[in-house]
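Q: Sequence:
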Amino acid sequence: MSRRVPGVGVVGGAEDFLDAGGGVEDDALSPTVGDEQETEGVSYSGAYAAMGVDNSLQLDSFCKNFKVVVNKLSEDEMEFDMIGIDAALANAFRRILIAEVPTMAIEKVFFLDNTSVINDEVLAHRLGLIPLAVDPRLFDDLSENDVPNERNTLVFKLEVSCEKGGPRRTVKSDQLKWLPNGSELPMELRNPSGNQKGYTSFSCSQASLPELSKNPPRVKHGDIIISKLGPGQAIELEAHAVKGIGKTHAKWSPVSTAWYRMLPEVVLLKEVRNEDAEGLAAKCPTKVFDIEDMGKGEKRAVVVNPRACTLCRECIRGGGEDLVELRRVKDHFIFTIESAGALPPEVLFTEAVKILEGKCERVISELS
Numbered sequence: 035m036s037r038r039v040p041g042v043g044v045v046g047g048a049e050d051f052l053d054a055g056g057g058v059e060d061d062a063l064s065p066t067v068g069d070e071q072e073t074e075g076v077s078y079s080g081a082y083a084a085m086g087v088d089n090s091l092q093l094d095s096f097c098k099n100f101k102v103v104v105n106k107l108s109e110d111e112m113e114f115d116m117i118g119i120d121a122a123l124a125n126a127f128r129r130i131l132i133a134e135v136p137t138m139a140i141e142k143v144f145f146l147d148n149t150s151v152i153n154d155e156v157l158a159h160r161l162g163l164i165p166l167a168v169d170p171r172l173f174d175d176l177s178e179n180d181v182p183n184e185r186n187t188l189v190f191k192l193e194v195s196c197e198k199g200g201p202r203r204t205v206k207s208d209q210l211k212w213l214p215n216g217s218e219l220p221m222e223l224r225n226p227s228g229n230q231k232g233y234t235s236f237s238c239s240q241a242s243l244p245e246l247s248k249n250p251p252r253v254k255h256g257d258i259i260i261s262k263l264g265p266g267q268a269i270e271l272e273a274h275a276v277k278g279i280g281k282t283h284a285k286w287s288p289v290s291t292a293w294y295r296m297l298p299e300v301v302l303l304k305e306v307r308n309e310d311a312e313g314l315a316a317k318c319p320t321k322v323f324d325i326e327d328m329g330k331g332e333k334r335a336v337v338v339n340p341r342a343c344t345l346c347r348e349c350i351r352g353g354g355e356d357l358v359e360l361r362r363v364k365d366h367f368i369f370t371i372e373s374a375g376a377l378p379p380e381v382l383f384t385e386a387v388k389i390l391e392g393k394c395e396r397v398i399s400e401l402s
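Heads up: take any position in the sequence shown, counting from 1, add 34, and you land on our numbering.
Mixed in with the good hints there might be a few duds.
In the EDC-like style, the derived pairs of lysine to aspartate or glutamate whose C-alpha atoms are separated by at most 20 Å in a straight line are [unchecked claim]:
{"id": "1", "residue 1": "142", "residue 2": "155"}
{"id": "2", "residue 1": "211", "residue 2": "180"}
{"id": "3", "residue 1": "254", "residue 2": "147"}
{"id": "4", "residue 1": "191", "residue 2": "147"}
{"id": "5", "residue 1": "191", "residue 2": "222"}
{"id": "6", "residue 1": "191", "residue 2": "257"}
{"id": "7", "residue 1": "254", "residue 2": "380"}
{"id": "8", "residue 1": "388", "residue 2": "147"}
{"id": "9", "residue 1": "106", "residue 2": "385"}
{"id": "10", "residue 1": "321", "residue 2": "355"}
{"id": "11", "residue 1": "211", "residue 2": "169"}
{"id": "12", "residue 1": "321", "residue 2": "310"}
{"id": "13", "residue 1": "388", "residue 2": "175"}
{"id": "14", "residue 1": "211", "residue 2": "120"}
{"id": "15", "residue 1": "262", "residue 2": "154"}
{"id": "16", "residue 1": "248", "residue 2": "169"}
{"id": "17", "residue 1": "262", "residue 2": "208"}
{"id": "18", "residue 1": "191", "residue 2": "154"}
{"id": "19", "residue 1": "206", "residue 2": "193"}
{"id": "20", "residue 1": "254", "residue 2": "111"}
{"id": "21", "residue 1": "211", "residue 2": "147"}
{"id": "22", "residue 1": "142", "residue 2": "270"}
{"id": "23", "residue 1": "321", "residue 2": "359"}
{"id": "24", "residue 1": "262", "residue 2": "197"}
{"id": "25", "residue 1": "142", "residue 2": "180"}
{"id": "26", "residue 1": "142", "residue 2": "174"}
For the record, the hints were derived by calculation from the structure and aren't laboratory data.
Let the sequences and hints guide you as you build the complete structure.
A: Below, the structure written as structure tokens:
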């Protein structure tokens with residue numbers, strides 16, 4: 035027996051529902067893109083009930099048809115297809131990746147000396163945006179009343195100077211040095227016992243922790259320019275990194291970008307030959323079409339790379355609508371994740387799945 039979610043529908047184009055003859059459901063999943071036509075989605079499950087079309091989301095059908103196909107995977111980038119999913123869920127993954135998967139980033143900067151041309155607050159902001167190559171899953175969140183310790187804080191030090199009479203010096207991110215024993219700076223205020231404490235309270239060196247000793251914390255990209263120093267200028271500071279999410283500040287976002295697009299469909303409505311075929315192939319900037327030699331001097335256009343189509347509509351302008359039809363598959367998304375460096379892109383995706391699963395469980399528990 036099918037389970038349906040009332041009020042939730044499969045996204046489809048309204049024009050295609052109304053204009054289609056017998057292929058209403060097919061057109062709903064792949065609405066046509068016209069030369070000047072604006073495509074719109076319909077999400078209400080009962081929008082076309084009078085036409086005999088059930089537009090509700092069926093959970094058993096979703097579980098059966100949904101799949102993820104990985105097409106490209108590198109150290110920092112991943113491209114995969116999400117098939118059989120609604121745009122709302124695809125967008126939920128995108129938003130979670132950008133704003134809710136935690137990372138480590140520099141939050142506090144203690145300046146001992148800064149005679150560079152960059153103000154303290156601007157320099158601190160630049161340091162916060164430097165991606166750190168450290169697994170955030172190894173650390174705890176630092177709440178307002180917590181004491182910074184080896185489980186919730188990373189400490190880095192930057193000490194660079196430019197000699198008087200010497201050449202200008204460029205300060206880069208690889209000059210940030212990890213301090214596994216915590217802060218080296220004493221707090222300005224003493225505790226009631228009269229002893230002077232540091233800004234962190236490490237019970238042990240982070241270098242002694244197996245998970246950090248094998249892969250010491252560092253900046254992801256060592257060639258990021260922090261500042262430039264002239265003769266006689268210097269920077270000396272200590273930076274403390276903590277765990278956070280992009281919803282709080284963009285410096286904690288784990289991705290450079292996370293985006294998706296619907297799978298394009300390019301259909302030749304009739305055979306395009308010879309000069310018309312060459313003209314059609316020349317129109318497309320992404321080389322979706324190619325020329326096939328049929329022998330005896332005859333040529334025809336064929337679709338060879340529909341995934342590369344950006345729906346720029348050049349092929350259907352100037353009378354091309356009679357030759358080519360462009361569609362979008364509304365339940366098939368080409369998803370791209372570009373990691374900022376804290377975690378590999380495939381790990382970011384699995385973490386996003388866990389977060390979405392947790393959201394669903396909270397909703398179910400509240401409703402029950």
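Q: Confirm or reject each hint.
A: Hints, one by one, checked against the model:
| no. | hint | verdict |
| --- | --- | --- |
| 1 | 142 / 155 | holds, 10 Å |
| 2 | 211 / 180 | violated, 24 Å |
| 3 | 254 / 147 | violated, 25 Å |
| 4 | 191 / 147 | holds, 12 Å |
| 5 | 191 / 222 | holds, 19 Å |
| 6 | 191 / 257 | holds, 17 Å |
| 7 | 254 / 380 | holds, 17 Å |
| 8 | 388 / 147 | violated, 43 Å |
| 9 | 106 / 385 | holds, 19 Å |
| 10 | 321 / 355 | holds, 18 Å |
| 11 | 211 / 169 | holds, 17 Å |
| 12 | 321 / 310 | holds, 16 Å |
| 13 | 388 / 175 | holds, 18 Å |
| 14 | 211 / 120 | violated, 46 Å |
| 15 | 262 / 154 | holds, 14 Å |
| 16 | 248 / 169 | holds, 12 Å |
| 17 | 262 / 208 | holds, 14 Å |
| 18 | 191 / 154 | holds, 15 Å |
| 19 | 206 / 193 | holds, 11 Å |
| 20 | 254 / 111 | holds, 14 Å |
| 21 | 211 / 147 | holds, 17 Å |
| 22 | 142 / 270 | holds, 14 Å |
| 23 | 321 / 359 | holds, 16 Å |
| 24 | 262 / 197 | holds, 13 Å |
| 25 | 142 / 180 | holds, 15 Å |
| 26 | 142 / 174 | holds, 17 Å |
When the structure is compared with the earlier hints, violations turn up for hints 2, 3, 8 and 14 and for no others.
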